[in-house]
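So the chains spell out like this:
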Amino acid sequence: MSSSIQSASTSLKAPDSSQLQLNSQGQLRHFLTTEGLSKALLTDIMDVTESFSSVADKAIKKVPLLRGKTIVNLFFENSTRTRTTFDLAAKRLSADVINLNIATSAATKGESILDTIRNLEAMQADMFVIRHAASGAAHFIASHVAPHVSVINAGDGQHAHPTQAMLDMFTIRQVKKDFSQLKVAIIGDILHSRVARSQIHALKTLGAKEIRVIAPNTLLPSTPSALGVSAYTDLVEGINDVDVVIMLRLQRERMSGALLPSESEYFNCFGLTEKKLAHAKTDVIVMHPGPINRGIEMDAAVADGPHSVILQQVTNGIATRMAIMALTLGQHPSSKAL
Amino acid sequence: MSSSIQSASTSLKAPDSSQLQLNSQGQLRHFLTTEGLSKALLTDIMDVTESFSSVADKAIKKVPLLRGKTIVNLFFENSTRTRTTFDLAAKRLSADVINLNIATSAATKGESILDTIRNLEAMQADMFVIRHAASGAAHFIASHVAPHVSVINAGDGQHAHPTQAMLDMFTIRQVKKDFSQLKVAIIGDILHSRVARSQIHALKTLGAKEIRVIAPNTLLPSTPSALGVSAYTDLVEGINDVDVVIMLRLQRERMSGALLPSESEYFNCFGLTEKKLAHAKTDVIVMHPGPINRGIEMDAAVADGPHSVILQQVTNGIATRMAIMALTLGQHPSSKAL
Amino acid sequence: MSSSIQSASTSLKAPDSSQLQLNSQGQLRHFLTTEGLSKALLTDIMDVTESFSSVADKAIKKVPLLRGKTIVNLFFENSTRTRTTFDLAAKRLSADVINLNIATSAATKGESILDTIRNLEAMQADMFVIRHAASGAAHFIASHVAPHVSVINAGDGQHAHPTQAMLDMFTIRQVKKDFSQLKVAIIGDILHSRVARSQIHALKTLGAKEIRVIAPNTLLPSTPSALGVSAYTDLVEGINDVDVVIMLRLQRERMSGALLPSESEYFNCFGLTEKKLAHAKTDVIVMHPGPINRGIEMDAAVADGPHSVILQQVTNGIATRMAIMALTLGQHPSSKAL
Chain S
1 MSSSIQSAST SLKAPDSSQL QLNSQGQLRH FLTTEGLSKA LLTDIMDVTE SFSSVADKAI
61 KKVPLLRGKT IVNLFFENST RTRTTFDLAA KRLSADVINL NIATSAATKG ESILDTIRNL
121 EAMQADMFVI RHAASGAAHF IASHVAPHVS VINAGDGQHA HPTQAMLDMF TIRQVKKDFS
181 QLKVAIIGDI LHSRVARSQI HALKTLGAKE IRVIAPNTLL PSTPSALGVS AYTDLVEGIN
241 DVDVVIMLRL QRERMSGALL PSESEYFNCF GLTEKKLAHA KTDVIVMHPG PINRGIEMDA
301 AVADGPHSVI LQQVTNGIAT RMAIMALTLG QHPSSKAL
Chain Z
1 MSSSIQSAST SLKAPDSSQL QLNSQGQLRH FLTTEGLSKA LLTDIMDVTE SFSSVADKAI
61 KKVPLLRGKT IVNLFFENST RTRTTFDLAA KRLSADVINL NIATSAATKG ESILDTIRNL
121 EAMQADMFVI RHAASGAAHF IASHVAPHVS VINAGDGQHA HPTQAMLDMF TIRQVKKDFS
181 QLKVAIIGDI LHSRVARSQI HALKTLGAKE IRVIAPNTLL PSTPSALGVS AYTDLVEGIN
241 DVDVVIMLRL QRERMSGALL PSESEYFNCF GLTEKKLAHA KTDVIVMHPG PINRGIEMDA
301 AVADGPHSVI LQQVTNGIAT RMAIMALTLG QHPSSKAL
Chain R
1 MSSSIQSAST SLKAPDSSQL QLNSQGQLRH FLTTEGLSKA LLTDIMDVTE SFSSVADKAI
61 KKVPLLRGKT IVNLFFENST RTRTTFDLAA KRLSADVINL NIATSAATKG ESILDTIRNL
121 EAMQADMFVI RHAASGAAHF IASHVAPHVS VINAGDGQHA HPTQAMLDMF TIRQVKKDFS
181 QLKVAIIGDI LHSRVARSQI HALKTLGAKE IRVIAPNTLL PSTPSALGVS AYTDLVEGIN
241 DVDVVIMLRL QRERMSGALL PSESEYFNCF GLTEKKLAHA KTDVIVMHPG PINRGIEMDA
301 AVADGPHSVI LQQVTNGIAT RMAIMALTLG QHPSSKAL
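First to last, the sequence lines map onto chains S, Z and R. Just so you know, the working numbering puts 278 at position 278 of the first sequence, and the rest follows in order with no gaps. Just so you know, the working numbering puts 282 at position 282 of the second sequence, and the rest follows in order with no gaps. Just so you know, the working numbering puts 106 at position 106 of the third sequence, and the rest follows in order with no gaps.
Incorrect hints may appear among the rest.
Which copy? The list can't say, so a pair holds if one copy fits it or any two copies do.
Cut-off 20 Å, straight-line C-alpha distance, at most; resulting in silico cross-link-like pairs (EDC-like, lysine to aspartate or glutamate) [to be verified]: (1) Lys275 <-> Glu121; (2) Lys62 <-> Glu121; (3) Lys61 <-> Asp299; (4) Lys276 <-> Asp44; (5) Lys62 <-> Asp16; (6) Lys61 <-> Glu121; (7) Lys58 <-> Glu121; (8) Lys62 <-> Glu265; (9) Lys62 <-> Asp115; (10) Lys39 <-> Glu263.
Quick caveat, the hints were computed from the structure, so don't treat them as lab data. Since we're looking at a predicted model, the values are computed, not measured.
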């Protein structure tokens with residue numbers, strides 16, 4: 001990996017992307033983090049997502065909004081699942097897609113990350129969808145691309161995963177309509193989670209009433225109050241009376257370290273069961289970014305139960321990515337015929 | 001692999017897919033096996049294949065029949081060759097295609113096969129093309145998909161490979177016109193062959209006069225008569241007076257086991273040469289699903305000789321897969337302008 | 001690898017492709033080498049490239065010239081970078097593209113190269129883009145394909161890389177307009193370079209005034225005069241007064257052999273710096289096929305400096321490949337509306 005990113009990762013634990021993300025008219029140009037974006041802009045993303053949701057129900061699931069555009073999925077960290085959602089979103093917008101898994105290609109010839117970007121730009125790429133194990137990678141690339149090129153962060157280290165957060169926000173809005181009365185609990189490895197970080201920023205901007213994080217002490221952020229959340233180490237206490245439960249995926253590699261005792265002990269304390277869920281509101285919804293570790297993060301009965309909106313999240317993931325792709329490329333569908 | 005499939009594979013040696021494959025109007029919804037499908041339906045598949053054959057000859061080899069549909073090639077067992085034919089067939093129908101090699105993706109994150117299916121359905125996939133090493137895998141998936149989703153079996157364990165069988169039937173019909181007077185010999189590892197199994201079902205339904213299987217004793221089914229075929233261990237005797245010779249591909253891994261002595265001894269007894277072929281009818285056709293092991297299953301002189309229709313089979317493979325994709329998705333081209 | 005190619009490679013160090021490349025009307029049918037093609041034909045390729053250059057500037061970077069055509073990228077040697085340029089060029093011409101990395105597919109089933117070709121032809125492939133480690137591979141394949149199929153050489157062993165040479169010629173023409181007064185220096189591993197070989201043939205045909213090759217003695221061709229070039233072992237002397245400097249990529253594996261002393265010693269003698277470049281004409285352009293080994297072939301200051309046209313080469317690579325694809329398939333855009 002490029003040493004420039006390494007240093008970016010070190011110096012910019014939370015790079016300030018708020019200015020970088022908008023053009024001079026205040027419109028979305030890159031999508032790197034939910035942090036610092038206005039409520040109006042997050043709402044607009046959800047409104048456009050809404051309009052694309054209906055595309056999926058049509059017999060012909062395609063709109064010509066990005067025809068002739070070239071979108072490059074530049075995955076430095078493998079994720080077939082996330083790449084597939086961007087691939088499908090781009091195809092439904094009629095764009096041409098190039099999938100590049102960098103670990104197995106140019107890097108073996110010693111090309112630096114910026115050389116790769118410069119070359120793909122010279123081939124008239126219009127957008128890079130970046131997945132990288134280093135925090136700040138998408139920010140670093142966005143700060144170096146040509147004026148007409150947009151960057152979407154598909155997950156960078158432990159920093160941000162903003163498209164996941166926005167599909168979660170859209171799903172919450174679909175069911176709950178309004179954020180202002182919502183109590184939301186996020187359960188799992190809060191400390192290392194880019195998903196949690198992006199969700200917290202979005203929930204705060206959208207005006208959620210209360211945000212709780214629930215985890216063993218070793219996986220809680222050191223200063224939750226600085227994030228504007230309250231921390232719990234007791235699951236039942238934490239989900240008491242909440243409207244939304246968001247489970248995080250547990251990285252199994254944490255299990256072999258000193259941070260967690262064992263899978264079964266984790267499940268006993270922090271795994272979600274129907275019994276524990278009964279402490280939440282009766283109309284609580286349960287979310288998970290997938291793929292689920294059944295029997296570790298939650299019981300199958302919860303994952304497949306009446307409160308689960310997990311597959312609805314997957315469906316919304318396509319429309320959300322279509323919306324963000326269209327908006328960053330300046331193609332607001334409100335001004336076009338779908 | 002999922003234990004559900006393991007048990008499906010054990011309990012459903014030949015799962016009864018006859019009802020599962022048809023919708024309430026008797027139209028093809030999934031395509032899992034040739035077994036149990038009516039002569040009228042197999043004939044309709046061949047008629048539609050015929051209409052798509054002409055597409056390939058046009059300057060622009062594309063029809064818009066499946067525009068906006070999303071087809072997922074879900075290959076749990078690697079086969080570039082078969083995947084390419086489905087990929088091309090889908091593209092010529094203007095569908096969007098996602099190629100997923102599951103051995104190297106979600107499975108590494110421990111996602112179960114049904115979770116994978118549920119997620120892809122939530123992304124509005126319209127069709128799964130399944131290749132799997134376990135018999136019954138496609139049947140298992142078809143019995144769990146959403147009402148609007150179709151499943152095509154691209155080869156499951158030793159059970160079935162019905163699209164291969166249909167392209168073979170179409171090729172036979174192209175040359176021989178009528179099945180009722182045909183004597184057909186299938187040569188090779190009958191016991192383990194999903195191709196042979198699917199061919200035998202189709203040939204019987206289409207009314208072939210006589211079906212023979214030719215193999216060493218160790219590779220013959222235990223009760224050939226139950227399959228409605230007659231068994232031969234002598235190649236010359238078996239191909240005497242036949243109209244069609246179908247060679248199977250020999251899995252070389254069998255050679256290292258106890259089932260077969262050596263490649264050269266196999267070729268001596270069961271390899272097809274011009275001399276042996278002279279015992280068949282003078283207008284016999286020779287078929288092979290590819291890729292050929294020249295010098296093991298047959299001489300190069302036979303593979304490339306005047307009786308061979310092997311490349312014609314490859315060509316027909318695209319049109320056959322187009323036909324089956326269109327039919328299972330309810331897009332009968334007779335009601336559309338090509 | 002097929003023994004037929006091995007022998008082709010041995011016997012045809014420089015296979016005579018001049019007749020094979022043209023059809024009976026003298027039009028381009030395959031594109032295997034720049035050797036033996038007329039000045040008029042190379043000029044036509046550059047003119048068509050010019051017309052495609054403007055496509056990339058449009059909001060919708062697509063022309064329907066090859067709609068319904070099937071292009072197979074058949075890479076026996078991995079090169080994500082080169083494959084991506086052909087993939088993009090084909091998509092911008094609206095063709096369907098199949099990417100096959102043969103090292104990891106059919107070859108593992110023992111299929112010979114000609115069987116692979118025959119099968120893909122039977123699937124109605126219209127074009128093969130061939131990358132292969134053996135010299136003569138593309139020529140061998142072109143001499144065996146069906147009449148309607150075209151072959152493009154995307155690099156074969158140490159023989160030729162003609163699309164790279166043509167994008168270089170186009171880039172030179174863009175800047176320098178006329179070849180007749182040009183002094184061109186090619187620097188690096190001339191002996192083993194397919195790029196240099198193709199460039200030299202094209203430059204001679206287009207009438208360049210003087211072609212110099214600069215390298216350590218171990219990497220110079222044995223009889224430069226037979227190639228029509230003059231050889232230098234001193235960089236400063238060699239680039240004195242030249243209009244164009246073409247750097248070659250140094251294969252690092254050469255470093256471990258006896259041919260080169262060390263990376264730092266190579267850079268001292270043959271690495272391009274601003275100081276050395278000052279010996280060339282003041283309006284000299286610096287080219288490199290990429291990816292660059294900064295600090296070995298040239299300083300970063302040169303690679304990114306005012307004389308560099310390296311990214312312009314990348315941009316022109318797409319239009320050049322579009323032009324060659326369209327021309328070999330008989331779709332001259334002058335007779336069509338873009």
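To see whether the hints hold, each was checked on the structure:
1. Lys275 <-> Glu121: neither (53 Å within a copy, 29 Å between copies)
2. Lys62 <-> Glu121: Between copies only: 17 Å across, 26 Å inside.
3. Lys61 <-> Asp299: neither (34 Å within a copy, 49 Å between copies)
4. Lys276 <-> Asp44: Classified as neither; 36 Å inside a copy, 56 Å across copies.
5. Lys62 <-> Asp16: For lysine 62 and aspartate 16, neither the intra-copy (35 Å) nor the inter-copy (37 Å) Cα distance is at most 20 Å.
6. Lys61 <-> Glu121: between (29 Å within a copy, 14 Å between copies)
7. Lys58 <-> Glu121: between (34 Å within a copy, 15 Å between copies)
8. Lys62 <-> Glu265: neither (47 Å within a copy, 57 Å between copies)
9. Lys62 <-> Asp115: neither (34 Å within a copy, 26 Å between copies)
10. Lys39 <-> Glu263: Answer is neither; intra-copy 39 Å and inter-copy 55 Å both fail.
Comparing the model with each numbered hint stated earlier shows that hints 1, 3, 4, 5, 8, 9 and 10 do not hold.
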